[in-house]
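Trainee: Just so you know, we're using the working numbering here: the sequence shown kicks off at 1 and counts up by one.
Where hints are given, some of them may not hold.
To be verified - Quick list of simulated restraints, FRET-style, between CB atoms:
{"no.": "1", "residue 1": "Leu26", "residue 2": "Arg58", "range": "18 to 24 Å"}
{"no.": "2", "residue 1": "Glu15", "residue 2": "Val62", "range": "32 to 38 Å"}
{"no.": "3", "residue 1": "Met1", "residue 2": "Ser44", "range": "24 to 30 Å"}
{"no.": "4", "residue 1": "Val62", "residue 2": "Arg16", "range": "32 to 38 Å"}
What the hints contain is simulated information worked out from the structure, not anything from laboratory work.
Note that the Cβ used here is the ideal one computed from N, Cα and C, for glycine as well.
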Amino acid sequence: MPVIEILTLINAPQERCFQLALSVDLHPISAGQTKEELIGDIYSGILQLGDSVTFRARRFGVWQTLTSITSCQLNQAPLCGTYSSLHLRWVG
1 MPVIEILTLI NAPQERCFQL ALSVDLHPIS AGQTKEELIG DIYSGILQLG
51 DSVTFRARRF GVWQTLTSIT SCQLNQAPLC GTYSSLHLRW VG
């Protein structure tokens, strides 16, 4: 199976990056190349424990619906969608 690895270097503490990652408003800006749009029940603000957020995005030329349940932990993975095996790893 092909593996795609993306490394983003950010000059900020890990906790600050995680807090910004919970922002529903910032996510579409950071992923602008996929033309992501919110289609779920949450359209703005900071995600809280138990929230579910759904985006529609164009990835590899195909429109996809991606839903994730936030666990408010530094290591988490999406619940469903094409990238259900995606895992975020914080390197610090």
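Trainee: Give a verdict on every hint.
Mentor: So, going through the hints one by one against the coordinates:
| no. | hint | in the structure |
| --- | --- | --- |
| 1 | Leu26 with Arg58: 18 to 24 Å | 19 Å, holds |
| 2 | Glu15 with Val62: 32 to 38 Å | 34 Å, holds |
| 3 | Met1 with Ser44: 24 to 30 Å | 36 Å, violated |
| 4 | Val62 with Arg16: 32 to 38 Å | 33 Å, holds |
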